[in-house]
Structures are given as C-alpha cells and as structure tokens.
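Trainee: Here's the letter readout for the chains.
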Amino acid sequence: MGRLRKLLIPGVDKKLLVRDAVKTMPELTRRRFITAGTSLGALTLLTGCDVVDSSSAEELLKKVSKFNDAVQAWMFNPDALAPTFPESMITKPFPFNAYYDLDDAPEIAGADWKLEVRGLVENKKSWTLDELYKLPQVKQVTRHICVEGWSAIGSWTGTPLRDFLKLVGADTRAKYVWFQCADKDGYNSPLDMRTALHPQTQMTFKFGDEILPRAYGFPMKIRVPTKLGFKNPKYVLSMEVTNDYKGGYWEDQGYNSFSGS
Amino acid sequence: MTSLAVSDHQTETATPAKAIQPVWVRMVHWINAFAMLLMIMSGWQIYNASPLFGFTFSRSITLGGWLGGALLWHFAAMWLLMVNGLIYLALGFATGRFRKKLLPITPGGVIADTKAALTFKLSHDDLSKYNSVQKLLYTGIITVGVVIVLSGLSMWKPVQLHWLVSLFGGYDIARYVHFTCMALIVAFLVIHVALALLVPKSLRAMIIGR
Numbered sequence: 001m002g003r004l005r006k007l008l009i010p011g012v013d014k015k016l017l018v019r020d021a022v023k024t025m026p027e028l029t030r031r032r033f034i035t036a037g038t039s040l041g042a043l044t045l046l047t048g049c050d051v052v053d054s055s056s057a058e059e060l061l062k063k064v065s066k067f068n069d070a071v072q073a074w075m076f077n078p079d080a081l082a083p084t085f086p087e088s089m090i091t092k093p094f095p096f097n098a099y100y101d102l103d104d105a106p107e108i109a110g111a112d113w114k115l116e117v118r119g120l121v122e123n124k125k126s127w128t129l130d131e132l133y134k135l136p137q138v139k140q141v142t143r144h145i146c147v148e149g150w151s152a153i154g155s156w157t158g159t160p161l162r163d164f165l166k167l168v169g170a171d172t173r174a175k176y177v178w179f180q181c182a183d184k185d186g187y188n189s190p191l192d193m194r195t196a197l198h199p200q201t202q203m204t205f206k207f208g209d210e211i212l213p214r215a216y217g218f219p220m221k222i223r224v225p226t227k228l229g230f231k232n233p234k235y236v237l238s239m240e241v242t243n244d245y246k247g248g249y250w251e252d253q254g255y256n257s258f259s260g261s
Numbered sequence: 001m002t003s004l005a006v007s008d009h010q011t012e013t014a015t016p017a018k019a020i021q022p023v024w025v026r027m028v029h030w031i032n033a034f035a036m037l038l039m040i041m042s043g044w045q046i047y048n049a050s051p052l053f054g055f056t057f058s059r060s061i062t063l064g065g066w067l068g069g070a071l072l073w074h075f076a077a078m079w080l081l082m083v084n085g086l087i088y089l090a091l092g093f094a095t096g097r098f099r100k101k102l103l104p105i106t107p108g109g110v111i112a113d114t115k116a117a118l119t120f121k122l123s124h125d126d127l128s129k130y131n132s133v134q135k136l137l138y139t140g141i142i143t144v145g146v147v148i149v150l151s152g153l154s155m156w157k158p159v160q161l162h163w164l165v166s167l168f169g170g171y172d173i174a175r176y177v178h179f180t181c182m183a184l185i186v187a188f189l190v191i192h193v194a195l196a197l198l199v200p201k202s203l204r205a206m207i208i209g210r
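So the sequences go chain by chain: A and B. One point on numbering: in the numbering used here, the residue at position 168 of the first sequence is 168, and numbering is uninterrupted. One point on numbering: in the numbering used here, the residue at position 10 of the second sequence is 10, and numbering is uninterrupted.
Hints are not guaranteed to be accurate.
Below, simulated DSS-like cross-link-like pairs (lysine-lysine); rule was C-alpha separation at most 27 Å, straight line [said to hold, decoys possible]: (1) A:Lys246 / B:Lys157; (2) B:Lys157 / A:Lys139; (3) A:Lys62 / B:Lys157; (4) B:Lys157 / A:Lys63; (5) B:Lys201 / B:Lys18.
Far from chain A, by Cβ distances over 12 Å, these chain B residues were calculated [said to hold, decoys possible]: (6) Val23; (7) Arg99; (8) Lys100; (9) Thr114; (10) Ala117; (11) Asn131.
To be clear, the hints were calculated from the coordinates, so they are not data collected in a lab. Cβ coordinates follow ideal geometry from the N, Cα and C atoms, glycine included.
Generate the whole structure from the sequences, applying the supplied hints.
Mentor: This is the structure:
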C-alpha cells in the first residue's frame, strides 16, 4: 500500500496528510461561523453588551464578506500578473491538500473522461482528453497560496482558459464560469469572468512537466494564481458559463467567495 | 459614583482646564482596543490552521470557531481597525498631538526614565506629559500598528499588492512579520494594562478625559 501510494503521488508530505485528515473531523463545528463557547462569552463580558449575539453577528459578517467581494473585484487588475519564479524555487514535495484523505481522491480513467461544456456557449460539445491535449499549452511557475496561510511554488502547464472560452464561443459578458468536480461530496466553485479571462488562468494538464498526477487533480485542474488555493478546482468534470451565482463547496460554508490574491 | 460626578463637574466649572485626553483620542482608543481584540483573537484561530511555530492557541481564547469563521471576523474587523487607525494618524498629525506628546525622544531621557520607573521613582503627577519610556513605547506601538496592517494587506492581496509583498521580502516573510507584530502588540498590551491598573487615574483620564 505504501509503495502504491508513493507511485501515485511522488513525495507527498505525510504530516500534511495527517493534518488534512484531522481537519476533516469536526465537520459540524466547521460549518458554524461562531462558537457559542468561552471565547464568545469572554467577548460579551469585555464589551459589556451582546453585540456578538451569534445569529445577528453571523448576518453582519456575511454582509461584510459580500462587501469584501465587491472591494476585491474593484481591486482586481486584469493585467496584473501573479509573480513567477525560477524552476529551482519549486516546492518539493508539493503538498497534497483537500478536505479528504488522498486515498479518497477521485480516480478518473482518462480514456473515459470528457469535459462537459454548458451554459452560455455557442459550442456545447464535450471534449476528450486527447482533444484537449492538442490545444496550445503554456507553462507557469507560480505560488499557490492556501486559505490556511501556507504557500508552495509549483509548475503548471496547460491551455489558458480564456483561449478555450474563445474557442467554444463563450459569452464572456456572463458573470461566472462555474466548475463541477469529481471530488467526494461534490466540490464545485464559481469563478468570476474577469478572473476566468486573466492571462494566467489555466486549464492545467501537467504538473512539473509530467501528466497531472491523481493527487493534483488528474485529468484536469483549473490553475488560478490570482485566487486562493480552494478556488483552484481539481478533477474537473464540467464548466458552465452562467450569470447565476451557483455557490461553491467552500464558499457555501463561509469562505469569502471572491478570495482573490 | 454620583458624588464623584458632581465633584468632577465642580472642578470643571472652577477651572475649565483642558481634558488630559481629548474626546477624539478616547474614542479612537476604545474603538481600537475593541478592533484589536477581535483581530488578535480571530488571528489566533487563523494561525491555528497552519501554525508557523510548534504551538497553537487554545480555542478558548480564539474567535470564529473554525478557519472560515475566524477569517470572516478578521476581514470584517480589519475595516474597523484600518479606518479608525487612519483617523487616529490623521488627527495625530493634524492636531500636532504626535509632535507635542511623543517628541523629542532622547536616549538619555529613555535611560533615566527607565531607571526611575524600575525603582518606582517615576512621577505621574502630570498625566498630560509623557515620560521618555512612554514616548518610546507609544511611538513604537504606532509603528508596529502600521507594519501589522501593511504585512496583513500584503498577505491578503499578494498579487494585486505584489510591490508591498516585495517590500517585506516575500509572502512567507510577511507572515512572520505579521505574527511578530501581533506578539509585540500583545506584549505591549500586557504592560499597558498592568500600568493603567497601577496608575488608575490614567485609566480614568482615558475614559472620562480627566
């Protein structure tokens, strides 16, 4: 088993694996924004009033988070590139990170897989991996920044998403490109159109010059160096160009939806 | 409490002396105290998601319950902290308070006043004048306040504000700078609160002005 795992993910960090497993445990607590525990009690005591009454505080925090979405969209410069690094600075091993253990990562057979394209596009045909591999690819060495605070530099190669959107005749005036993925419990995530059209936003097929391994999202991931890691979908099944905000796996639990870098 | 209020009122009418702490200073002080508390407690919860050192903060002293909740608190309280901080800096410069209260700071004065403080000989008769140690600490903590906001902004927007990240020498270093500033603020807080309790009239001045 150990040998098999090594084959699947070259040099995965065991500590990170354990941490991620632990992280998935207190699911109920994590879905709640505020603890009603000691910290809240202490705060009420210190401020002398009940401003942090959990339901009204939660509402207020959600409103501020929406406001922060707007501020970040305003700050977002479509021409500002994420810093790139020399290959010598690539983090080795590059961490595997998800809300599940690596053993639970989707196992997708490349030959059977097809990328479904839906929504406001002229050509709704599905794409096989071979067809996608024929599109022009570019490489980027950028910093992946996790919402948890850690970061790692990686090398990703693939087709700029904006080229693909042009190719399928997507309505780029639409608000979002919404990705659905094969992760267990159904990971999905909305990407605002301006970020989708950013020159570094990429449909990724390779990590470190080799076919994307299972750990990093085989067969296709979306690399978005101007977003936090949780907004970089892996194991992508479909993309939908839409004007509707359809929510996302992490976004619905309270992570800021724009989460731009 | 009533008699105190009455006697204060009489003193005020007898000598219309200036408040030791003008009302704007007291307001920004307590708003800052509240915002700082929210930032520090939610910051500890965020730190716990990916600790820089071999320890985590007890959940009983953190805010937010989990990373997502803590981030919501942190990115809400940051507006309060920043807007309030900018008002403080603007008024501090505009009213000449910084120049009058915090300058000059001389090494000789700091050494003499530190010695006096450690031997409990430092005078607190005139609360409107800061001694050299106070001047140094307050100037220092204002600087730390500016650095913690800038390092925080560079972690929040490492692409859009990449020039700011470069100023800190990179994203990872900015994290350590942010943490170090937090530690300095907490250390300041411990001394600041302890001294305010030792010299209660200074606390009173920060609440009612005199």
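Trainee: Take the hints in turn and mark each one as holding or not.
Mentor: Hints, one by one, checked against the model:
no.	hint	in the structure
1	A:Lys246 / B:Lys157	holds, 25 Å
2	B:Lys157 / A:Lys139	holds, 23 Å
3	A:Lys62 / B:Lys157	holds, 20 Å
4	B:Lys157 / A:Lys63	holds, 20 Å
5	B:Lys201 / B:Lys18	holds, 16 Å
6	Val23	holds, 20 Å
7	Arg99	holds, 33 Å
8	Lys100	holds, 32 Å
9	Thr114	holds, 31 Å
10	Ala117	holds, 28 Å
11	Asn131	holds, 29 Å
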